[in-house]
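K.L.:
Just so you know, the protein sequences line up as chains A and B, in that order.
First residue of the first sequence? That's 22 in the numbering used here, and the numbers climb one at a time after it.
First residue of the second sequence? That's 94 in the numbering used here, and the numbers climb one at a time after it.
No wet-lab data here; the hints were simulated from the structure.
Only a predicted model underlies this, so the values are computations on that prediction, with no experimental measurement involved.
Heads up, some of the hints might be wrong.
[Stated by the list, open to error] Derived Cβ-Cβ restraints for the label pairs, each shown as a range:
hint, chain 1, residue 1, chain 2, residue 2, range
1, B, E139, A, E120, 31 to 37 angstroms
2, B, G199, A, M117, 42 to 48 angstroms
3, A, M22, B, F176, 46 to 52 angstroms
[What the hints assert, rightly or not] Quick list of in silico lysine-lysine cross-link-like pairs, DSSO-like style, CA-CA up to 30 angstroms:
hint, chain 1, residue 1, chain 2, residue 2
4, B, K143, A, K121
5, A, K100, A, K138
6, A, K100, A, K141
7, A, K45, B, K194
8, B, K100, A, K121
9, A, K65, A, K45
10, B, K143, A, K141
11, A, K138, B, K135
12, A, K29, B, K158
13, B, K122, B, K137
14, A, K141, A, K121
15, B, K158, A, K121
16, B, K137, A, K45
17, A, K45, B, K100
18, A, K29, B, K122
19, B, K135, A, K65
20, A, K100, A, K29
21, A, K100, B, K137
22, A, K121, A, K138
23, B, K122, A, K100
24, B, K137, A, K29
25, B, K158, A, K45
26, A, K121, B, K194
27, B, K143, A, K29
28, B, K194, A, K100
29, A, K138, B, K112
30, A, K45, B, K143
31, A, K141, B, K194
32, B, K137, A, K121
33, A, K100, B, K135
34, A, K29, B, K194
35, A, K138, B, K137
36, A, K45, B, K122
37, B, K100, B, K137
38, A, K29, B, K135
39, B, K122, A, K121
40, A, K138, A, K45
Backbone N, C-alpha and C fix where the C-beta goes; we use that ideal spot for every residue, glycine too.
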Amino acid sequence: MDIAEVLKHTSPDLFLPELQATDKAGVLAELVEGLVTGTPTITKPDAVLQMLESREALGSTAVGPGVAFPHGRTLAVQKLTVLIARSSAGVDFDSMDGEKTHLFFVLIAPPQDSGHKYIKSLAALTDALQDDARRQGLRDADDYDAFCAVLGGE
Amino acid sequence: MHPQLQKLVLLQDIEANIKEAEEQASELKEMGFNLDGMAQLKEKAEAMSKELDHRHLGYYRRLTKRFGHAVVPVIDNLCTGCFANIPASFVSATNENLLQKCESCGRILYWP
């Protein structure tokens, strides 16, 4: 799966250019709030938040340098949904390298997801975010369109 | 939402994520994810199951064994487990405090 395919599961309404929260719990809550605001079919924010919090118990999803991929499956969503968020100041998200996290890619999918679209999307994103210049470009992008262009390698 | 249903949904979500992490472990590790907290997540699922009424948990376990997923969302008035039509009366306010089951397959119904 390529990045263009992943971007079909997000939209400008699911882009939070500047997070306000300053700690992990606050960021997770703000990300869920963004999901609910940007996706009218998500009506049970508590279920999504509890799932994301329990997923973090498995191991922090802040795996890339400055990047986190909170993800999981929940009955509270009807289709694969991707939310993108940024924090200029960075947040302590229990990253493996101990550094602050600036970019967040949230992937949530329903329990039934034929073809493992969600795992493939996660793989495409983690792979694309290995590139230092691309990560910096994403942090500097002015808006959603510019962000998608950088993410897509344009 | 029925309080027991809320717990069943969380339990199923946690168990789905445990199953996926186990089945896709090598791929997830290759992506850089650390799955060291598996024991902790299983403890969380265990703690959640203890909060459930014995009867409901037993029914959930039987359905999970039979169908894979015990709780299924109702979308467009259809049970997404067997695609049987779910009567509109099921969503009425009087049923808010009942654990609803599909009359056709018996799966526990959830309105996302």
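K.L.:
Starting from the hint 46 to 52 angstroms, judge whether the C-beta atoms of M22 of chain A and F176 of chain B obey it.
P.N.:
Violated, since M22 of chain A and F176 of chain B (Cβ atoms, about 28 angstroms apart) do not stay within the stated range.
K.L.:
K65 of chain A and K45 of chain A: Cα distance at most 30 angstroms?
P.N.:
20 angstroms, holds
K.L.:
Take a quick look at whether K121 of chain A and K138 of chain A sit within 30 angstroms of each other, Cα to Cα.
P.N.:
Distance of about 29 angstroms is within 30 angstroms: holds.
K.L.:
What's the verdict on K143 of chain B and K29 of chain A, does the C-alpha distance respect the 30 angstroms limit or exceed it?
P.N.:
Violated, because 40 angstroms separates the two Cα atoms, which is more than 30 angstroms.
K.L.:
Given the hint that K100 of chain B pairs with K121 of chain A, test it: the Cα-Cα distance must not exceed 30 angstroms.
P.N.:
The given pair, whose Cα atoms are some 33 angstroms apart, is violated under the 30 angstroms limit.
K.L.:
Keeping to a limit of 30 angstroms between CA atoms, is the pair of K137 of chain B and K29 of chain A held or broken?
P.N.:
Distance of about 34 angstroms is beyond 30 angstroms: violated.
K.L.:
Between K100 of chain A and K138 of chain A, does the CA-CA distance stay at or below 30 angstroms?
P.N.:
10 angstroms, holds
K.L.:
Is K45 of chain A close enough to K143 of chain B, meaning Cα to Cα at most 30 angstroms?
P.N.:
28 angstroms, holds
K.L.:
Hinted pair, alpha-carbon criterion (30 angstroms max): K100 of chain A, K137 of chain B. Please report holds or violated.
P.N.:
26 angstroms, holds
K.L.:
Hint check: K137 of chain B vs K121 of chain A, CA-CA at most 30 angstroms. Holds or violated?
P.N.:
Within the cut-off at roughly 27 angstroms; holds.
K.L.:
Hinted pair, alpha-carbon criterion (30 angstroms max): K100 of chain A, K135 of chain B. Please report holds or violated.
P.N.:
Roughly 26 angstroms between the alpha carbons, so the hint for K100 of chain A and K135 of chain B holds.
K.L.:
Given the hint that K138 of chain A pairs with K112 of chain B, test it: the Cα-Cα distance must not exceed 30 angstroms.
P.N.:
16 angstroms, holds
When held up to the earlier numbered hints, the structure conflicts with 3, 4, 7, 8, 10, 12, 15, 24, 25, 26, 27, 31, 34 and 38 and fits the remainder.
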